[in-house]
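Letter by letter, the chains look like this.
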Amino acid sequence: MPDLADSLIDQFVLESAESLSDASDALLELEKNRNDPDAVDRLFRALHTLKGNAALFDLQPIVGVAHIAEDILDTIRKGRQEMSGPLADVIFSMIDQIATWVTAIERNNKLPADAASVSDELQARLREYSLHEIKPGPSSQADFSWADSMPAHAWMDISKQGQPSVAVLYTPDKGCFFSGDDPLQIMRELPGLCALQTSFRQAPPSLSDHETYTCHLKFMALSSAPMTEVAAYCRDYKDQIAIRASGPHEAEPTQEIQDTASFRQIITAQLRILELPDLLDGSKARLNAALQNIGNALRYMKREDALEQFARLQHNITELQDVAELRRFVASLLDPQMAQQAAEAPAQQPETGRKFLQIEQGRIDQLLNLISEMAAAKNNLQYLAERAESVSREFAVELKDRAALVERITQEMQDIVVNFRMTPLSSIFKRLPRLVRDLSKELNRKVRLTIEGGETEADRHVIDTLSEPLLHMLRNSMAHGIEPSEERAAAGKNPTGSIRIKAYHHNNQLIIEVQDDGRGIPAQKIKEKAAASGIISAEEAERMSDADALQLIFHSGFSTAEQVTSLSGRGVGMDVVKSTVENAGGRITVHSEVGVGTRFTLALPLFIAAAQMMTVRVADQLFGIPMQQVQQSLKIPRKSIRKIKKTETFVYRDNILPLLRLHALLDIPATEQNELAVMIVRLHHGLVGLAVDDFLNPVEVVIKPLSGILKTVSNFSGSALLADGSVLLVLNLEELMRGH
Amino acid sequence: MAIKYTDEMAIFEGKCTLHEAEPLHEWLKKTPQGKVDLAACQYMHTAILQVLLIAKPVMTASPEDAWLSACLANNAN
Amino acid sequence: MNKSILVVDDSHLVRMYYRQILEPEGYEIFEAANGSEGIEKAQQQEFGLFLVDINMPMMDGLTFLERIRDISTAPAIVISTESSAENEQRAYAAGASLFIVKPVEAANLVGNIHMLMGA
Numbered sequence: 000m001p002d003l004a005d006s007l008i009d010q011f012v013l014e015s016a017e018s019l020s021d022a023s024d025a026l027l028e029l030e031k032n033r034n035d036p037d038a039v040d041r042l043f044r045a046l047h048t049l050k051g052n053a054a055l056f057d058l059q060p061i062v063g064v065a066h067i068a069e070d071i072l073d074t075i076r077k078g079r080q081e082m083s084g085p086l087a088d089v090i091f092s093m094i095d096q097i098a099t100w101v102t103a104i105e106r107n108n109k110l111p112a113d114a115a116s117v118s119d120e121l122q123a124r125l126r127e128y129s130l131h132e133i134k135p136g137p138s139s140q141a142d143f144s145w146a147d148s149m150p151a152h153a154w155m156d157i158s159k160q161g162q163p164s165v166a167v168l169y170t171p172d173k174g175c176f177f178s179g180d181d182p183l184q185i186m187r188e189l190p191g192l193c194a195l196q197t198s199f200r201q202a203p204p205s206l207s208d209h210e211t212y213t214c215h216l217k218f219m220a221l222s223s224a225p226m227t228e229v230a231a232y233c234r235d236y237k238d239q240i241a242i243r244a245s246g247p248h249e250a251e252p253t254q255e256i257q258d259t260a261s262f263r264q265i266i267t268a269q270l271r272i273l274e275l276p277d278l279l280d281g282s283k284a285r286l287n288a289a290l291q292n293i294g295n296a297l298r299y300m301k302r303e304d305a306l307e308q309f310a311r312l313q314h315n316i317t318e319l320q321d322v323a324e325l326r327r328f329v330a331s332l333l334d335p336q337m338a339q340q341a342a343e344a345p346a347q348q349p350e351t352g353r354k355f356l357q358i359e360q361g362r363i364d365q366l367l368n369l370i371s372e373m374a375a376a377k378n379n380l381q382y383l384a385e386r387a388e389s390v391s392r393e394f395a396v397e398l399k400d401r402a403a404l405v406e407r408i409t410q411e412m413q414d415i416v417v418n419f420r421m422t423p424l425s426s427i428f429k430r431l432p433r434l435v436r437d438l439s440k441e442l443n444r445k446v447r448l449t450i451e452g453g454e455t456e457a458d459r460h461v462i463d464t465l466s467e468p469l470l471h472m473l474r475n476s477m478a479h480g481i482e483p484s485e486e487r488a489a490a491g492k493n494p495t496g497s498i499r500i501k502a503y504h505h506n507n508q509l510i511i512e513v514q515d516d517g518r519g520i521p522a523q524k525i526k527e528k529a530a531a532s533g534i535i536s537a538e539e540a541e542r543m544s545d546a547d548a549l550q551l552i553f554h555s556g557f558s559t560a561e562q563v564t565s566l567s568g569r570g571v572g573m574d575v576v577k578s579t580v581e582n583a584g585g586r587i588t589v590h591s592e593v594g595v596g597t598r599f600t601l602a603l604p605l606f607i608a609a610a611q612m613m614t615v616r617v618a619d620q621l622f623g624i625p626m627q628q629v630q631q632s633l634k635i636p637r638k639s640i641r642k643i644k645k646t647e648t649f650v651y652r653d654n655i656l657p658l659l660r661l662h663a664l665l666d667i668p669a670t671e672q673n674e675l676a677v678m679i680v681r682l683h684h685g686l687v688g689l690a691v692d693d694f695l696n697p698v699e700v701v702i703k704p705l706s707g708i709l710k711t712v713s714n715f716s717g718s719a720l721l722a723d724g725s726v727l728l729v730l731n732l733e734e735l736m737r738g739h
Numbered sequence: 000m001a002i003k004y005t006d007e008m009a010i011f012e013g014k015c016t017l018h019e020a021e022p023l024h025e026w027l028k029k030t031p032q033g034k035v036d037l038a039a040c041q042y043m044h045t046a047i048l049q050v051l052l053i054a055k056p057v058m059t060a061s062p063e064d065a066w067l068s069a070c071l072a073n074n075a076n
Numbered sequence: 000m001n002k003s004i005l006v007v008d009d010s011h012l013v014r015m016y017y018r019q020i021l022e023p024e025g026y027e028i029f030e031a032a033n034g035s036e037g038i039e040k041a042q043q044q045e046f047g048l049f050l051v052d053i054n055m056p057m058m059d060g061l062t063f064l065e066r067i068r069d070i071s072t073a074p075a076i077v078i079s080t081e082s083s084a085e086n087e088q089r090a091y092a093a094g095a096s097l098f099i100v101k102p103v104e105a106a107n108l109v110g111n112i113h114m115l116m117g118a
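Chains as they are written, first to last, in numbering that gives the first Met the number 0: chain A, 0 to 739; chain B, 0 to 76; chain C, 0 to 118.
These are computed hints drawn from the structure, not numbers from a lab.
Hints are supplied without guarantee of correctness; some may be wrong.
[Claimed, not checked] Keeping only pairs whose Cα atoms sit at most 27 Å apart, straight-line, the calculated DSS-like set for lysine-lysine is:
1) Lys14/B / Lys173/A
2) Lys173/A / Lys29/B
3) Lys34/B / Lys283/A
4) Lys492/A / Lys440/A
[Said to hold, decoys possible] Cβ-Cβ distance ranges computed for the label pairs, FRET-style:
5) Glu105/A / Glu36/C: 43 to 49 Å
6) Ala106/C / Lys3/B: 34 to 40 Å
7) Asp653/A / Ala39/B: 40 to 46 Å
Ideal placement from N, C-alpha and C gives every residue a C-beta, glycine not left out.
Just chain A, with the same shape it has in the complex (with noise of 0.2 Å):
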């Protein structure tokens, strides 16, 4: 018992003999009356006391029976349960014994040697009017005569043999592998660990006996940090870690050691509040609280250096932006890495506006795969605990919770990371001019090309999208939009042509520009020629307006590339533009006066965001389908497909739909079934039906473009990493539908 003034002491007698009474008298009036709810609610109070003042003490053989007492008293309160004759026999020895213990430390100042056996007793037979699972504490005659004798291969570090002043002892639930725990893993982590020893509990069962995710392990540590500090990571073990003092002498933490401790504890704390959400609804009260600590413990601890930082971080903080911008300034304050460097730092810094790192650019692409891999990893548990509502409850619960909390961790390190991959846009738009000068030769066309806002900075991943994009509406307008010089100087225009690409931010998105001054689109020979491809009907184009005409040109199946020239390659069409921007999550429009010039406008998110995608199987390959472009999926028996011409097709509400199989579409061999997996898809002129052998989970995946040789099979629009780390391909159904 921790050694405390003789007062207290007497107190905890004098007020733990109040209790015992009460709880007495309670008890022998439910014993007359089972119903009476104001003795339940007595009794109640009474052990509740009796538990609150123990665990003062830290007198874990009261605490451990009060505690199950309290428990059962509770759900007798709630109707749960009834109080029965059996029960108080039990709870009245509970009684007694409590009396006789307190009795002992009014005489001793302690608790009898027997105490935590005597203690597990009683528990284990009160544990039986228990509604509730209340797991053992560890005993708290946990048996730590191995901790003087750890075997020579246990430790890790045999020149603290003689330093280690924490032993631990952790006896992991059977089922914790399913409540997302890694013994070996936390043991591992623990502070100042110098000696780890594992061993099964009992005798281990045979290899065919044993069942894959029970843990029969137990683990013994010894460390050499402070108690407190062994103590406040344990903490989350509780009930599954006993931990006790060890080797030669107890020393006294020193002041230093103290501090910091408390320290981490407190920006520990903080940190955790700055992750709540809806902290910056309503009066900020937890997010002024938090600050305020935060100032107090860094002044307390003289960090100069972080103050000042703090103090700029702290003001105006108004956006979610701010508060994660706060929390990684916080979180970095418990990394002892950079609490070194900043001590280390020389006195005097020249006050720069903001810092650079030099980070290699490989690193940050393996992070951001890991995090994408995270991202895809995640998408599971979600579903999983939704599972897990049939098998438990309780363990759905807590697997929401911990799916959520990963949620939302998973999105702010995807939010964070992908502010690294800011570019400016000077990276692709270096290429231009050369292409221009190139063209203007072989067209023989005179053009200047202007570049704005090259320093403007995107996600390096929507930059690599819109490379090629960006050269096809170049080639395009010097193909077809500027027209020779010697029409232009004709109509009154200069002889040379002008082309400018603008690139700004605006409204927290990419807005780039792409303007020349030549032919401009002529809508109506747009109508014609939609007409004519069969894409609108004849009246359509008739009441169809001009600028609804003009967005005609990123239909699939509409190609403007009449002219390929060596440059212009294969002609990728203006749709193949208009779904890699989509894709991307961005959008483009076009306006367009005929003799004046034709813009593209193309805004696109600053930063790229997870695709949400359908996921099929053709044959043993994974393919995904945005999910916006998807309608529904549903299975049809192999004899509701009829054949129209040459065309299956399928009957769905009340319409007529195309049927196309995705294994004829890719040339993958296929087997035939009598039901088929169908997803609806809406492409640009309607529904179609695509014919798949399986429909898996959706999944988020961030889309990578394609590269290498893959970057000219128009089929796919990019690729995703998968949970399991198979690749997803992501189908661009307009390009591999056309023809269809």
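Could you slot chains B and C onto chain A? The hints should help.
Just chains B and C, lined up with the frame of chain A:
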């Protein structure tokens, strides 16, 4: 994915998580003479360690981590 | 600097305990036997710190926390008998500044209080 199986060997690679535990367990049951190669193992989940401690297969290569290596060696006896 | 601490707990013994370890450190201790009393006192005077004992399953301490944040931004240390992550989360959501599980290491608590109150 992190454990490759041949007829006789289970070769660990990189980080071996909870997912690997069951397949490893099954394999060890089916392949009583199977051996494990831990040379490239960077991390193993408790469940995997547990299976190894129960099955006690022959290790043709031990992990780089000295502690893990010693733990497996000693408990195997 | 405000050196007054309000201890909110239903057990007289517990309040006495905190008084005994904190008064020698130069703090002035005030007591409240339950959440409502605590709020009343907090409305009448300004405190430098709140010490709220949460003896589960009674949730009185949590309600106190939620309401105190309308009145004061002084740090609030929650001392609980149960260590679950869920309880901790709820405490922070309600307005706690620090969550400690019993038994309390007196030296550690004192150190935390010094640091939070800006000693």
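Hints violated by the structure (listed by number, smallest first): Hints 3, 5, 6, 7 contradicted; others consistent.
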